[in-house]
Amino acid sequence: MSALLRIPTVLRPAMGGATTLHVEGDTIGDVLGQLGKEYPAVKTQLLNDDGSLHRFLNVYINDDDVRYLGGLDAPVKSDDEITLLPAVAGGVA
Amino acid sequence: MLSLETSLRDKMIATCIRALPDEGCGLLLGRAGGDDAVVVEVVASDNVAHSAKLYEVDPKVMLRTFRRADDEGLEVLGVFHSHTHSEAFPSPTDVRQAPDPAWHYVLVSLRDVPTVVRSFRIVGDEVREESVSSH
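Same order as they appear, the protein sequences are chains A and B. So for the first sequence, my numbering puts the first residue at 1; every next one is plus one. So for the second sequence, my numbering puts the first residue at 94; every next one is plus one.
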């Protein structure tokens, strides 16, 4: 399936500077895996070494966080809009 | 330098007080040019970590705010959060998890009276304070 990917500012320099890309894949896992291959510099910001979704990355399909849609198994449909955003977190602990 | 109207500085402080006993947090929308940024809106968020020692901006607020920034020709300039019992300086966790080197990181300390608001740039491990101008 072909979907539109919105790239966060922080990842743009390592992904050719584009703000959006057309991506292919049946699931979010497919899409992120493919991005990691095409742009090796961002792979560790997308996925953990064990292939799971990075803790500090939020991935949305349209308006929904993929963590509530099956995580990496979340299905991607034609014309979906996928948005990647950094998780914003910290603390004194 | 980070510039903002006093009412926006007050909104950050009010958001952090309302979140007590937890840390409070939110995003800063505005315009940036080089090292200088002008905040035009403070977007309060729930602290979804629900903790006095950790904060996490609600991912739904993130998505909504980034879309609005695109639609309105603004930028997400950075984030603010409170330290309830420690100084207004980024903790090692804040530095390690800083998501974007272009961002401005505002710390609100509720330990002191009056409340202390400071802003920092975080690039890798390097933390540099910048001046905050409220008017």
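These aren't lab readings, by the way, just hints derived from the structure by calculation. Cβ coordinates follow ideal geometry from the N, Cα and C atoms, glycine included. It is possible that part of the hints are untrue.
[To be verified] Below 20 Å or equal to it, Euclidean Cα-Cα: the simulated SDA-like pairs (lysine to any residue) are:
#1 B/Lys146 with A/Ala87
#2 A/Lys43 with B/Asp193
#3 B/Lys153 with A/Leu72
#4 A/Lys43 with A/Asp26
#5 B/Lys153 with A/Asp63
#6 B/Lys153 with A/His54
[Stated by the list, open to error] Away from chain B, derived, C-beta distances all over 10 Å, residues of chain A:
#7 Pro8
#8 Thr9
#9 Ala14
#10 Met15
#11 Val23
#12 Lys37
#13 Ala41
#14 Asp50
#15 Leu53
#16 Leu69
#17 Leu72
#18 Asp73
#19 Pro86
#20 Ala87
#21 Gly90
#22 Val92
[Said to hold, decoys possible] If we take Cβ atoms under 8 Å as the criterion, some of the chain A residues that face chain B in the derived model are:
#23 Leu4
#24 Pro13
#25 Tyr60
#26 Ile61
#27 Asp65
#28 Leu85
#29 Ala89
Quick rundown of the hints versus the structure:
1. B/Lys146 with A/Ala87: holds, 17 Å
2. A/Lys43 with B/Asp193: holds, 16 Å
3. B/Lys153 with A/Leu72: holds, 19 Å
4. A/Lys43 with A/Asp26: Roughly 19 Å between the alpha carbons, so the hint for A/Lys43 and A/Asp26 holds.
5. B/Lys153 with A/Asp63: holds, 8 Å
6. B/Lys153 with A/His54: OK: B/Lys153 and A/His54 at ~18 Å, within 20 Å.
7. Pro8: Violated: least Cβ distance 8 Å, not greater than 10 Å.
8. Thr9: violated, 6 Å
9. Ala14: holds, 12 Å
10. Met15: Fine: 14 Å to the nearest Cβ keeps A/Met15 off the interface.
11. Val23: holds, 18 Å
12. Lys37: holds, 23 Å
13. Ala41: holds, 15 Å
14. Asp50: holds, 20 Å
15. Leu53: Non-interface label stands for A/Leu53: nearest chain B Cβ at 12 Å, farther than 10 Å.
16. Leu69: holds, 13 Å
17. Leu72: Answer for A/Leu72: holds, closest chain B Cβ roughly 16 Å.
18. Asp73: Given that every Cβ of chain B is farther than 10 Å from that of A/Asp73, nearest at about 19 Å, it holds.
19. Pro86: violated, 3 Å
20. Ala87: For A/Ala87, whose nearest Cβ neighbour in chain B is about 7 Å away, the distance does not exceed 10 Å, so it is violated.
21. Gly90: violated, 4 Å
22. Val92: At about 5 Å from chain B, A/Val92 fails to clear the 10 Å cut-off, so the statement is violated.
23. Leu4: violated, 13 Å
24. Pro13: For A/Pro13, the interface hint is violated, since the closest Cβ of chain B sits about 10 Å away, which is over 8 Å.
25. Tyr60: At about 6 Å, which falls below the 8 Å cut-off, the nearest Cβ of chain B leaves the hint on A/Tyr60 intact, so it holds.
26. Ile61: The hint is violated - A/Ile61 has no Cβ within 8 Å of chain B, the shortest such distance being about 11 Å.
27. Asp65: This interface hint holds because 5 Å falls under the 8 Å limit.
28. Leu85: holds, 5 Å
29. Ala89: It holds, given that the least Cβ distance between A/Ala89 and chain B is near 4 Å, below 8 Å.
In terms of the numbered hints stated before, the structure departs from hints 7, 8, 19, 20, 21, 22, 23, 24 and 26, listed from lowest to highest.
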